[in-house]
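4 protein chains.
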Amino acid sequence: MCRWLAYSGSPIALAELLYKPRHSLIDQSRHARMGVETTNGDGCGVGWYPDIGGGTDGAEPAIFHATGPAWSDRNLLELSRCVRSPLFLAHIRASTGTAVQQSNCHPFRYGRWLWMHNGAISGFPELKRDLALTVDPTLYPFIEGSTDSELMFYVALTFGLQDDAPRAVERMIGTIEAVAQRHGVPDPLQMTVAVSDGHRLWAFRYSTERHSRSLFFSTDVRTLRTLHPEIEALQEVADGTRVVVSEPLGDLEGAWHEVPESSYGVVEDGHGELHTFSPLAP
Amino acid sequence: MCRWLAYSGSPIALAELLYKPRHSLIDQSRHARMGVETTNGDGCGVGWYPDIGGGTDGAEPAIFHATGPAWSDRNLLELSRCVRSPLFLAHIRASTGTAVQQSNCHPFRYGRWLWMHNGAISGFPELKRDLALTVDPTLYPFIEGSTDSELMFYVALTFGLQDDAPRAVERMIGTIEAVAQRHGVPDPLQMTVAVSDGHRLWAFRYSTERHSRSLFFSTDVRTLRTLHPEIEALQEVADGTRVVVSEPLGDLEGAWHEVPESSYGVVEDGHGELHTFSPLAP
Amino acid sequence: MCRWLAYSGSPIALAELLYKPRHSLIDQSRHARMGVETTNGDGCGVGWYPDIGGGTDGAEPAIFHATGPAWSDRNLLELSRCVRSPLFLAHIRASTGTAVQQSNCHPFRYGRWLWMHNGAISGFPELKRDLALTVDPTLYPFIEGSTDSELMFYVALTFGLQDDAPRAVERMIGTIEAVAQRHGVPDPLQMTVAVSDGHRLWAFRYSTERHSRSLFFSTDVRTLRTLHPEIEALQEVADGTRVVVSEPLGDLEGAWHEVPESSYGVVEDGHGELHTFSPLAP
Amino acid sequence: MCRWLAYSGSPIALAELLYKPRHSLIDQSRHARMGVETTNGDGCGVGWYPDIGGGTDGAEPAIFHATGPAWSDRNLLELSRCVRSPLFLAHIRASTGTAVQQSNCHPFRYGRWLWMHNGAISGFPELKRDLALTVDPTLYPFIEGSTDSELMFYVALTFGLQDDAPRAVERMIGTIEAVAQRHGVPDPLQMTVAVSDGHRLWAFRYSTERHSRSLFFSTDVRTLRTLHPEIEALQEVADGTRVVVSEPLGDLEGAWHEVPESSYGVVEDGHGELHTFSPLAP
Numbered sequence: 001m002c003r004w005l006a007y008s009g010s011p012i013a014l015a016e017l018l019y020k021p022r023h024s025l026i027d028q029s030r031h032a033r034m035g036v037e038t039t040n041g042d043g044c045g046v047g048w049y050p051d052i053g054g055g056t057d058g059a060e061p062a063i064f065h066a067t068g069p070a071w072s073d074r075n076l077l078e079l080s081r082c083v084r085s086p087l088f089l090a091h092i093r094a095s096t097g098t099a100v101q102q103s104n105c106h107p108f109r110y111g112r113w114l115w116m117h118n119g120a121i122s123g124f125p126e127l128k129r130d131l132a133l134t135v136d137p138t139l140y141p142f143i144e145g146s147t148d149s150e151l152m153f154y155v156a157l158t159f160g161l162q163d164d165a166p167r168a169v170e171r172m173i174g175t176i177e178a179v180a181q182r183h184g185v186p187d188p189l190q191m192t193v194a195v196s197d198g199h200r201l202w203a204f205r206y207s208t209e210r211h212s213r214s215l216f217f218s219t220d221v222r223t224l225r226t227l228h229p230e231i232e233a234l235q236e237v238a239d240g241t242r243v244v245v246s247e248p249l250g251d252l253e254g255a256w257h258e259v260p261e262s263s264y265g266v267v268e269d270g271h272g273e274l275h276t277f278s279p280l281a282p
Numbered sequence: 001m002c003r004w005l006a007y008s009g010s011p012i013a014l015a016e017l018l019y020k021p022r023h024s025l026i027d028q029s030r031h032a033r034m035g036v037e038t039t040n041g042d043g044c045g046v047g048w049y050p051d052i053g054g055g056t057d058g059a060e061p062a063i064f065h066a067t068g069p070a071w072s073d074r075n076l077l078e079l080s081r082c083v084r085s086p087l088f089l090a091h092i093r094a095s096t097g098t099a100v101q102q103s104n105c106h107p108f109r110y111g112r113w114l115w116m117h118n119g120a121i122s123g124f125p126e127l128k129r130d131l132a133l134t135v136d137p138t139l140y141p142f143i144e145g146s147t148d149s150e151l152m153f154y155v156a157l158t159f160g161l162q163d164d165a166p167r168a169v170e171r172m173i174g175t176i177e178a179v180a181q182r183h184g185v186p187d188p189l190q191m192t193v194a195v196s197d198g199h200r201l202w203a204f205r206y207s208t209e210r211h212s213r214s215l216f217f218s219t220d221v222r223t224l225r226t227l228h229p230e231i232e233a234l235q236e237v238a239d240g241t242r243v244v245v246s247e248p249l250g251d252l253e254g255a256w257h258e259v260p261e262s263s264y265g266v267v268e269d270g271h272g273e274l275h276t277f278s279p280l281a282p
Numbered sequence: 001m002c003r004w005l006a007y008s009g010s011p012i013a014l015a016e017l018l019y020k021p022r023h024s025l026i027d028q029s030r031h032a033r034m035g036v037e038t039t040n041g042d043g044c045g046v047g048w049y050p051d052i053g054g055g056t057d058g059a060e061p062a063i064f065h066a067t068g069p070a071w072s073d074r075n076l077l078e079l080s081r082c083v084r085s086p087l088f089l090a091h092i093r094a095s096t097g098t099a100v101q102q103s104n105c106h107p108f109r110y111g112r113w114l115w116m117h118n119g120a121i122s123g124f125p126e127l128k129r130d131l132a133l134t135v136d137p138t139l140y141p142f143i144e145g146s147t148d149s150e151l152m153f154y155v156a157l158t159f160g161l162q163d164d165a166p167r168a169v170e171r172m173i174g175t176i177e178a179v180a181q182r183h184g185v186p187d188p189l190q191m192t193v194a195v196s197d198g199h200r201l202w203a204f205r206y207s208t209e210r211h212s213r214s215l216f217f218s219t220d221v222r223t224l225r226t227l228h229p230e231i232e233a234l235q236e237v238a239d240g241t242r243v244v245v246s247e248p249l250g251d252l253e254g255a256w257h258e259v260p261e262s263s264y265g266v267v268e269d270g271h272g273e274l275h276t277f278s279p280l281a282p
Numbered sequence: 001m002c003r004w005l006a007y008s009g010s011p012i013a014l015a016e017l018l019y020k021p022r023h024s025l026i027d028q029s030r031h032a033r034m035g036v037e038t039t040n041g042d043g044c045g046v047g048w049y050p051d052i053g054g055g056t057d058g059a060e061p062a063i064f065h066a067t068g069p070a071w072s073d074r075n076l077l078e079l080s081r082c083v084r085s086p087l088f089l090a091h092i093r094a095s096t097g098t099a100v101q102q103s104n105c106h107p108f109r110y111g112r113w114l115w116m117h118n119g120a121i122s123g124f125p126e127l128k129r130d131l132a133l134t135v136d137p138t139l140y141p142f143i144e145g146s147t148d149s150e151l152m153f154y155v156a157l158t159f160g161l162q163d164d165a166p167r168a169v170e171r172m173i174g175t176i177e178a179v180a181q182r183h184g185v186p187d188p189l190q191m192t193v194a195v196s197d198g199h200r201l202w203a204f205r206y207s208t209e210r211h212s213r214s215l216f217f218s219t220d221v222r223t224l225r226t227l228h229p230e231i232e233a234l235q236e237v238a239d240g241t242r243v244v245v246s247e248p249l250g251d252l253e254g255a256w257h258e259v260p261e262s263s264y265g266v267v268e269d270g271h272g273e274l275h276t277f278s279p280l281a282p
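Residue numbers (the UniProt record's numbering), protein chains in the order written: chain E, 1 to 282; chain Z, 1 to 282; chain B, 1 to 282; chain U, 1 to 282.
It is possible that some hints are incorrect.
Any copy, or any two copies together, can satisfy a pair, since identical chains are not distinguished.
Stated by the list, open to error - Taking lysine to aspartate or glutamate pairs in the DMTMM-like style, the calculated list, with each CA pair at most 25 Å apart, reads:
(1) 20 - 258
(2) 20 - 136
(3) 20 - 251
(4) 20 - 220
(5) 20 - 130
It should be emphasised that the hints constitute simulated quantities derived from the structure, not laboratory data.
Could you build all of it, start to finish, from the sequences and the hints given here?
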């Protein structure tokens with residue numbers, strides 16, 4: 001399993017959220033509280049849309065992937081201090097079996113799209129071939145790593161992620177569950193997923209067993225400022241700024257709201273909404 | 001492209017062949033003479049069958065894979081000095097596009113089998129999906145990396161490598177060429193391949209265009225000893241000892257014989273043979 | 001801080017002790033119970049004397065150092081399975097500030113000597129220069145990394161480690177404490193140290209504040225066998241076989257004895273002794 | 001030995017100079033023409049001053065260091081595309097013996113200062129201790145790696161680099177040559193060095209034997225534009241923009257001028273000067 005964080009709002013230096021909070025993502029890499037493992041030391045990554053005049057302006061995102069633990073990665077620290085972005089995704093990995101290598105680090109990128117995942121597909125070695133077959137042949141060559149997470153991304157792309165993200169994720173889930181059923185694998189999917197096209201940011205929470213990994217979002221920046229005075233940049237960001245996290249960056253009180261089961265949040269231009277969703281059988 | 005070396009004979013320390021020769025594999029990692037590239041710095045690996053009373057005795061091989069260049073890898077040096085083996089494969093990689101990561105390092109292993117490759121499949125991104133589909137579903141989950149080389153191994157395993165290695169390689173080649181033809185990719189395959197089950201060692205040389213990467217074998221250990229006084233261990237090995245290499249470990253004269261086009265050599269119990277072979281269409 | 005394990009006895013595969021025990025060193029890399037940190041993910045290393053006819057026969061040790069966490073290092077697993085040794089040292093690192101790099105991985109080697117350390121020198125950045133100056137100028141060029149641990153090794157070598165190990169360690173401690181006093185650094189030293197020349201294995205436990213990191217040794221192999229049926233190799237080793245560990249490989253009862261404060265154990269030819277020692281001011 | 005590039009002028013993306021030129025620094029990592037080695041695959045690094053309104057505005061530089069070869073480093077590529085800077089240093093390393101690790105990657109940083117080096121100190125293992133002793137005790141703790149290059153930086157800092165860079169370098173050279181003479185090491189120093197404080201950029205060329213590694217600078221951006229149409233960003237930079245390189249980024253004709261022996265160039269606010277200098281004995 002893993003931990004992740006996604007940000008959408010006024011441009012800030014990545015380090016403000018990755019390093020400064022009391023229970024920052026970097027702290028979570030050694031001391032996760034709500035994860036299956038306390039240690040998330042199997043690589044890390046960030047993907048960010050460049051700050052172009054305060055927004056993203058349709059530019060392609062950049063990514064940084066490293067195989068070592070986030071807590072000792074000096075390049076990540078340097079980068080996080082100097083890169084400012086209005087929309088970024090950050091991830092620390094705890095492998096569920098696949099190799100520790102850059103091509104397995106999140107977020108994954110396809111064109112202007114970024115995708116990251118916490119969770120797993122049960123029985124993945126057994127299901128992998130059938131899932132790979134559902135990927136559009138023109139997309140297949142872009143798969144670089146060996147994780148379930150990246151394959152989920154390409155299945156979702158195949159089902160129209162770029163046109164209708166929630167519906168593509170619904171079909172992706174339905175397909176995984178159908179393939180698992182065919183192979184007799186119960187409760188196959190655990191996921192919290194963040195995905196973005198540079199304008200919108202979606203965050204999905206789902207598990208077949210309806211007992212999903214934790215996922216929280218901030219609603220009111222003012223509460224967040226009060227709870228996290230150590231994150232200086234928050235004092236200056238616009239009110240519509242949102243943070244979505246696997247686990248809160250400090251204490252829970254007031255600032256962090258749990259995404260309900262089988263729901264997703266979407267943030268666009270400082271406006272956020274919550275919706276429920278359901279698997280869509282293939 | 002890459003460079004490789006395979007050894008079968010009396011147990012010796014790996015370093016005798018990897019480091020000591022004037023134009024050793026380590027030297028070839030920076031100064032290859034016959035390769036497409038002079039630099040082979042995209043990872044390295046060795047696979048060896050343990051020395052059990054002078055032979056391999058059916059034991060599973062061990063492997064070491066590293067992503068850095070061979071010339072600066074201290075673990076490879078340490079290991080090569082202390083590990084003695086009667087049968088080993090060593091490889092230095094020059095990526096033809098796929099990621100530099102341990103799961104893409106040669107030799108690849110399946111059970112008691114080792115496989116390594118120099119060359120490439122042209123248009124691999126385009127052909128990969130169809131080739132992956134030919135892999136037996138029960139073998140598919142064992143594919144860990146993203147290279148053409150590893151996929152060739154699993155296609156060959158699918159076609160009975162463990163029962164009849166030359167025939168399986170013939171079918172593997174035929175399949176690759178058939179898939180390429182379907183996609184309109186001309187001259188798809190370049191390969192020299194070494195494969196072993198711990199008893200026999202096969203070395204194949206082939207290319208669709210019949211202009212294959214270089215491959216040499218030693219026939220007479222006495223000539224090798226004269227040409228390479230710097231390889232001390234050679235002075236004491238049995239007469240049937242053989243070395244197969246992408247390029248000679250020093251000057252050519254006398255000791256190194258070229259494997260002909262569309263041919264393979266096989267060594268077993270100190271006895272070697274050369275055979276021709278042909279692609280077998282699926 | 002770190003965790004380590006040292007073995008002296010009948011030759012066994014390293015994996016028997018590194019991977020098989022319930023609370024193995026690899027398990028301790030994520031779930032240390034007695035350390036300052038639960039995570040020891042800043043590199044790992046093993047040093048082993050080759051098995052030459054059941055003993056070490058004066059040969060130089062080999063080392064393997066890796067910068068990633070032990071739990072995901074495939075080379076360490078491969079190596080540990082195939083290397084058999086009558087005397088080896090293994091270490092998992094939790095950096096106290098210095099860089100995560102191979103030259104900072106334990107054990108350190110000088111000729112036939114191996115050294116590894118758990119603990120730290122307080123105020124090391126401030127004390128480092130004065131300590132480096134105490135190192136014999138002919139030894140100085142062999143320092144490769146930047147840790148306090150390696151520098152301690154070279155200070156001990158300067159004070160005659162190769163002639164009288166306990167006395168050299170006493171002088172090393174006395175020197176560190178004298179330098180610290182000069183700089184006004186209180187309680188400067190925390191250490192458990194393992195050191196070997198290939199015949200003898202010493203394990204020291206000391207801290208200036210007399211509240212040292214944990215250190216345990218096995219006395220009776222028969223008890224160890226009963227407590228650890230999962231370590232198959234233990235069933236066949238000679239009775240004088242000893243294991244020294246930062247923390248027990250399972251439950252404590254009976255098999256593991258704590259090394260007292262300011263004491264060291266030494267094992268030679270299956271015979272072990274415990275002694276007290278004291279810092280020797282320079 | 002190594003290759004490097006330094007840039008001062010209108011802010012551009014690092015990739016414009018690192019990747020786009022026909023004989024770019026990345027190309028030089030495999031195919032250097034004027035170096036001692038054709039391969040510079042022992043790590044790479046960039047240091048850059050952030051673009052603050054078209055200038056550097058006194059901000060501290062950021063650095064990126066990687067141990068693998070530049071040609072396969074995906075993070076370097078990502079970073080180089082998205083980071084824009086008016087003043088940056090880039091380096092590809094060919095180790096002359098010291099370990100391949102991030103702490104040995106150039107450029108080195110101290111506060112607002114960056115330093116990188118091509119060349120070597122002969123007999124460095126022998127001279128290292130005496131040179132380390134000349135470093136100011138308050139600077140000593142900041143030395144992180146084991147190279148001659150970083151030690152030269154700290155010797156120069158000790159001699160007032162921050163007050164008078166050329167004079168500090170003169171004294172650094174004089175000190176190295178004096179220490180070498182004491183140890184009987186002839187012709188100890190080979191260096192081209194780039195150093196910056198974020199405003200000024202100095203480039204020194206010197207060797208004791210007066211036969212120094214190559215070093216070139218661009219004078220006229222208009223000629224550079226004509227010679228390098230593939231570097232699009234050059235079309236838009238200010239006329240005072242300068243590039244200093246170990247070897248030209250393409251053909252020599254007209255655009256690249258050799259820095260004479262025992263000379264340095266300094267660039268500040270689009271104005272450049274060449275001066276001679278001499279070692280200053282301690």
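Each hint, compared with the structure:
1. For a Cα distance limit of 25 Å, the shortest separation of residue 20 from residue 258 inside one copy, 22 Å, qualifies, whereas the shortest one across copies, 40 Å, does not.
2. Within a single copy, residue 20 and residue 136 get their C-alpha atoms no closer than 41 Å, and across copies no closer than 33 Å, so neither meets the 25 Å cut-off.
3. With identical chains, the CA atoms of residue 20 and residue 251 are at most 25 Å apart within one copy only, with a shortest distance of 14 Å there and 39 Å across copies.
4. With identical chains, the CA atoms of residue 20 and residue 220 are at most 25 Å apart within one copy only, with a shortest distance of 19 Å there and 45 Å across copies.
5. In this assembly of identical chains, the alpha carbons of residue 20 and residue 130 never lie at most 25 Å apart, being 43 Å within a copy and 35 Å across copies at closest.
Violated hints, in rising order: 2, 5; the structure is consistent with all others.
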